[in-house]
Amino acid sequence: MLCCLKKNKWVILSMLPWFVFANDPKNFSFSGFASQGVSYTSDNQFFDEEDNVSLNMTILALQANYLFNDKIRFSGQVMYRNWGKIESARIDFLMADYQFVNQQSYNIGFRLGRIKSDLGVFNSTRDIPSARPSIFLPQSVYQDTLRDTTTSYDGLSLYGNQVFDLGRLNWTLAYGRYPVSSDLSESILGKDLSGEISTEHNTQINSTWESSSGNWSVSLGYENPQAFAQPIFDINDPIAMKAGDIKFDRYIFSHQYFSALWDFTFEFIYQDTEIKGFELFVPNFPAFIEQPEFPEVTTDSLVNAGFYGQWRYFLKENLTLMLRYGRYFTDIDDKDGSQYQQETGMPNFSRYSFDLSTGVKWQISPKWQINFEGHFFEGTAAISPTIKFDHSGNDEKYWQLWSLQVSYSF
Amino acid sequence: MNLKHYTPQLITLLIYLFIIKQSYAIEIIVNESVSLSKISYQQIKSIYLGQQSHWPNGNLIKLYKLPSDHETHSLFVKNTLGLYPYQFNRRWQKLVFSGFALKPNEVSAELELLNAVASTPGAIGYIENKIIMEGVRYVVLFEEK
Chain Y
1 MLCCLKKNKW
11 VILSMLPWFV
21 FANDPKNFSF
31 SGFASQGVSY
41 TSDNQFFDEE
51 DNVSLNMTIL
61 ALQANYLFND
71 KIRFSGQVMY
81 RNWGKIESAR
91 IDFLMADYQF
101 VNQQSYNIGF
111 RLGRIKSDLG
121 VFNSTRDIPS
131 ARPSIFLPQS
141 VYQDTLRDTT
151 TSYDGLSLYG
161 NQVFDLGRLN
171 WTLAYGRYPV
181 SSDLSESILG
191 KDLSGEISTE
201 HNTQINSTWE
211 SSSGNWSVSL
221 GYENPQAFAQ
231 PIFDINDPIA
241 MKAGDIKFDR
251 YIFSHQYFSA
261 LWDFTFEFIY
271 QDTEIKGFEL
281 FVPNFPAFIE
291 QPEFPEVTTD
301 SLVNAGFYGQ
311 WRYFLKENLT
321 LMLRYGRYFT
331 DIDDKDGSQY
341 QQETGMPNFS
351 RYSFDLSTGV
361 KWQISPKWQI
371 NFEGHFFEGT
381 AAISPTIKFD
391 HSGNDEKYWQ
401 LWSLQVSYSF
Chain W
1 MNLKHYTPQL
11 ITLLIYLFII
21 KQSYAIEIIV
31 NESVSLSKIS
41 YQQIKSIYLG
51 QQSHWPNGNL
61 IKLYKLPSDH
71 ETHSLFVKNT
81 LGLYPYQFNR
91 RWQKLVFSGF
101 ALKPNEVSAE
111 LELLNAVAST
121 PGAIGYIENK
131 IIMEGVRYVV
141 LFEEK
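Protein sequence lines, in the order shown, are assigned to chains Y and W. Under the working numbering, the residues of the first sequence are numbered 1 to 410, in order. Under the working numbering, the residues of the second sequence are numbered 1 to 145, in order.
Because the hints were derived from the structure by calculation, they are not lab data. One thing to keep in mind: the hints can contain errors.
Unchecked claim - In silico DSS-like cross-links for lysine-lysine, where the CA-CA straight-line distance does not exceed 30 Å: (1) W:K62 <-> W:K38; (2) Y:K71 <-> W:K38; (3) Y:K71 <-> W:K103; (4) Y:K316 <-> Y:K397; (5) W:K4 <-> Y:K71; (6) Y:K367 <-> W:K38; (7) W:K45 <-> Y:K71; (8) W:K103 <-> Y:K316; (9) Y:K316 <-> W:K45.
Claimed, not checked - Just the calculated beta-carbon pair ranges, DEER-fashion: (10) W:I131 <-> Y:S29: 22 to 32 Å; (11) W:I131 <-> Y:F410: 24 to 34 Å; (12) Y:S105 <-> W:N2: 46 to 56 Å; (13) W:Y138 <-> Y:Q400: 54 to 64 Å; (14) W:P56 <-> Y:Y175: 20 to 30 Å; (15) Y:E200 <-> W:L111: 53 to 63 Å; (16) Y:A34 <-> W:P56: 53 to 63 Å; (17) W:T120 <-> Y:F410: 17 to 27 Å; (18) Y:F164 <-> W:Y138: 20 to 30 Å; (19) Y:S301 <-> W:S35: 49 to 59 Å; (20) Y:G195 <-> W:L36: 50 to 60 Å; (21) W:E112 <-> Y:G195: 57 to 67 Å; (22) Y:D336 <-> W:S74: 41 to 51 Å.
Computed from a predicted model, the values in this text were never measured in an experiment. Positions of the beta carbon are idealized from the N, C-alpha and C atoms, including for glycine.
This is chain W alone, in the form it adopts within the complex (with noise of 0.2 Å):
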């Protein structure tokens, strides 16, 4: 088999599998108080959807996120949350005028983030690129089985 015919289709398949690739590099943050080193899909939904307020050892969830405009937080909420933006924005709305939850932290920019997940306890967020700094956790996602 001669490779050289299949080298639009090649072509094409590296650069789907960098779009995939691309599209799914959200890491998941947390400051190292938090003692967790992976987290289910699930359950960031339900930190992230405001239901899950506190960690399992009782300590209180600092939710930060980036702005709705962000291409991050778009890439988040699709992705990771598996919502369209505009659902994740309407459950905020209701949630925050009922009083149902806090509302999150909303940061301007992902070295913001990072620093800020960095020096407050409790504190979860996402960036895209992954930066090691002092004070912040990388989390494992795994789908629940």
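The shape of chain Y in the complex, shown without the other chains (with noise of 0.2 Å):
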């Protein structure tokens, strides 16, 4: 509990004036939304382990806005998230925002509690069915299984904008600690090495430039979080895993351009990751016996890299066409991941994956929306844990995910 605490402390921390003086009912604001789905996964354990058909797809997300006084801000959101193998509730956001310089061209603010990560187009909504371009983000930038390193942070940030002749500048400065949860552990060493994991604190740089015309921008995110894992093993385990630390350089580039009818959008992520320990190991073997070879992991430097290109064509003002192609690698040196297979015996499309997408977008009216598309995918990588040797639940090269959706907001 006393841990708990002090994990969440900026939380709780912005948090304690909003239950001291949270009395004048007029000055709150709810939102919220509820969104089901359905999805049918062709192969591999993507979504969910055993079905390839899944209803768990459920998010529910409520919102309140308390203005504590003229000057500061407080906002916060809960969701609920019932996603493929992952159930989780949690404080999405939870923050005071309080913007101390307001002129005529620049204003600057700072924010403190839990906030949304901002970095790439799409981060800072990747859950929300209205401020998302699909059901599943291109996976190439936004893998799902490093969402807890991308989602929110529970630190500071200073941020603002300035408008010049050409164009506008909005920036952001943050510093913080992204909480995980055991969905990370399992992402990272996979579902048979559970076991405790632990973040360090992080900083976050992200610019964006948008055109005086409004109808383009360019951004440059940098962040590098870090985590320890501790995987948990048992002494009859017939192999094990030691402890060790992962960190990444993320760096994340994008660029929108606006048409009347359609518009375009282009991520690239360049992520250097570097990883200690994580040796295998057989717990049950004598000492003066030599540990039988293991493959490693540890290296000071394995560049992921990836990109997308998507197109969205807007059919009726209410109806939104999207195609998109993306590319993921695990190792940039290693593209078709043959030196992979040659080390390790692991199958080689483990390291790369590529994803051809197509859906639409029905906004039924201003709260109902429906989306339902179609990825093809070629390799796994993607959605395999990034140390994680057992492949054998992704075992196909060639896969399909296809998903419906319909969701409510307010």
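Assembling the complex is the task here: the two chains are given apart, and the hints tell you how they should meet.
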């Protein structure tokens, strides 16, 4: 309990005034949404372990804003998410916002608490049906296996914007720690090697430039999340893994172009990963005999890279078609995974994934929305845990994912 | 020169000018508590894109808007903000659900918006036709050079 309080100190700090002074109902406002979907996965274990068809696609979110006074606003959102094999209820964000410089051409403010990460175009709204392009975000840049290290952080951020003759600049400087759940340990270590996982503080820098006409924008973001994992094993397990450390240097470049009938988004991720530890060993092995040799995961620099291009066409004001193609490589120096296959005997297609997606979004009314989409994949890199060697659940090179979702927001 | 020969052209020109004038006939209104007589296009954009939450004197900006399918709203987004309506909607979905800005207050008709701005200190809104009302100040839009 104490540990939990300590871990969430930023969040709790920002909540205190809310509870003490929240007495004026007219300063409160609420929003939220509910969504339910169904998906079909032809092969592999991207979504639901047991079945090809899954109804484990429920998200509920409730959001509140409270104006503490003319200067300070509190904003929070709780989210229940039953998504494939992961079910969780969490505080999505909960923060105080104070914009203390307000000039004709620039503004500066800061936020304190649990804050949504704004790296890339879709990170801050990856769970919000009305604000994302598809039910499943492009896995080449927004990998669901790493979502805990990209969703929201406990800390503080300084943000601002400045208007120039040629456009406007939005920027954010942030410092915080991503709270992690067991989802991350499962996706990093694999299902069989669960354990304790913790994160270190992270620095984030993000800037977006928008043209003065507003029809295009470019942005560049950087962050360096770090996680420490201590796998749990039993002495009788045939094989076990030692503790380890993963560090990411993550850069995301984004470009968007907007026109009357269509828009285009291109994003590129460059992620330099440092992995220490995680040596495999046999727990119940006599000390006088040398341990058998296992493939190593330790690396000073494993560069993951991915990109996608996405084109959306507005057939009607409330009907949007989407076409997207993306590629992801676990190791940019071994794009086809052949070297990996040679060294480990694991499938080479577990080191890359190509994804062709198409979908339709129908805004039935301002509150109701239906999404339908299909994804055609080659390779399993985007769904394979970073350091896991067991690919038995993801053994199909070519696979598909189809999904339908209905959402209501208010 | 006999103007008669150019009648069709002149009529077309007049209609064209009329349409232009019509499409730009958006008035920015603020509550009289806001000490502002003119505002740049860039600043109105900062305000309506949720990037500026307070007036230069530090008071909270209370944002008012008409429904997304309202004609005046579309004109305001296209001509005053210079954005496509889908860009405006998408940005607000993102701002609201990431907690980065407070959702604008939506009222269903222009007269209602006028009344709301008149009675809410710090409020800003937009209407198509100028109606003089106590408590409301009309703000001149200008292009920053």
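Structure-based check of all given hints:
For the given pair, K62 of chain W sits about 18 Å from K38 of chain W by alpha-carbon distance, which is consistent with the 30 Å threshold. Between K71 of chain Y and K38 of chain W the CA atoms are separated by roughly 24 Å; this keeps the pair inside 30 Å, and the hint holds. Restraint check for K71 of chain Y and K103 of chain W: satisfied, since their Cα atoms lie roughly 16 Å apart, inside the 30 Å limit. At roughly 37 Å between alpha-carbon atoms, K316 of chain Y and K397 of chain Y are farther apart than 30 Å, so this suggested pair is violated.
With a C-alpha separation of about 64 Å, the suggested pair K4 of chain W and K71 of chain Y falls outside the 30 Å cut-off, and the hint is violated. For the hint linking K367 of chain Y to K38 of chain W, the alpha-carbon distance of about 36 Å lies beyond 30 Å, and the restraint is violated. For the suggested pair K45 of chain W and K71 of chain Y, the alpha carbons sit about 21 Å apart, so the restraint of at most 30 Å is met. For the hint linking K103 of chain W to K316 of chain Y, the alpha-carbon distance of about 25 Å falls within 30 Å, and the restraint holds.
Restraint check: the Cα-Cα separation between K316 of chain Y and K45 of chain W comes to about 26 Å, which is no more than 30 Å; the hinted pair holds. Between I131 of chain W and S29 of chain Y the CB atoms are about 28 Å apart, so this pair conforms to the stated range of 22 to 32 Å. The hinted range of 24 to 34 Å is satisfied by I131 of chain W and F410 of chain Y, whose Cβ atoms lie roughly 31 Å apart. At roughly 52 Å, the beta-carbon separation of S105 of chain Y and N2 of chain W lies within the given 46 to 56 Å, and the hint holds.
For Y138 of chain W paired with Q400 of chain Y, a C-beta distance near 58 Å keeps the hint of 54 to 64 Å intact. Under the hint 20 to 30 Å, the C-beta atoms of P56 of chain W and Y175 of chain Y, about 29 Å apart, fit the expected range. Between E200 of chain Y and L111 of chain W the beta carbon distance is about 56 Å. The supplied range of 53 to 63 Å therefore holds. For A34 of chain Y paired with P56 of chain W, a C-beta distance near 40 Å fails the hint of 53 to 63 Å.
Against the hinted window of 17 to 27 Å, the Cβ-Cβ separation of T120 of chain W and F410 of chain Y comes to about 23 Å, which satisfies the hint. In this structure the supplied range 20 to 30 Å holds for F164 of chain Y paired with Y138 of chain W, their Cβ-Cβ distance being about 28 Å. Look at S301 of chain Y against S35 of chain W: about 57 Å separates their beta carbons, and that is inside 49 to 59 Å. Judged by the Cβ atoms, the range 50 to 60 Å given for G195 of chain Y and L36 of chain W holds: they are separated by roughly 59 Å.
Hint check: E112 of chain W to G195 of chain Y, Cβ distance near 58 Å, so the stated range 57 to 67 Å holds. Our hint of 41 to 51 Å for D336 of chain Y and S74 of chain W holds, since their Cβ atoms are close to 50 Å apart.
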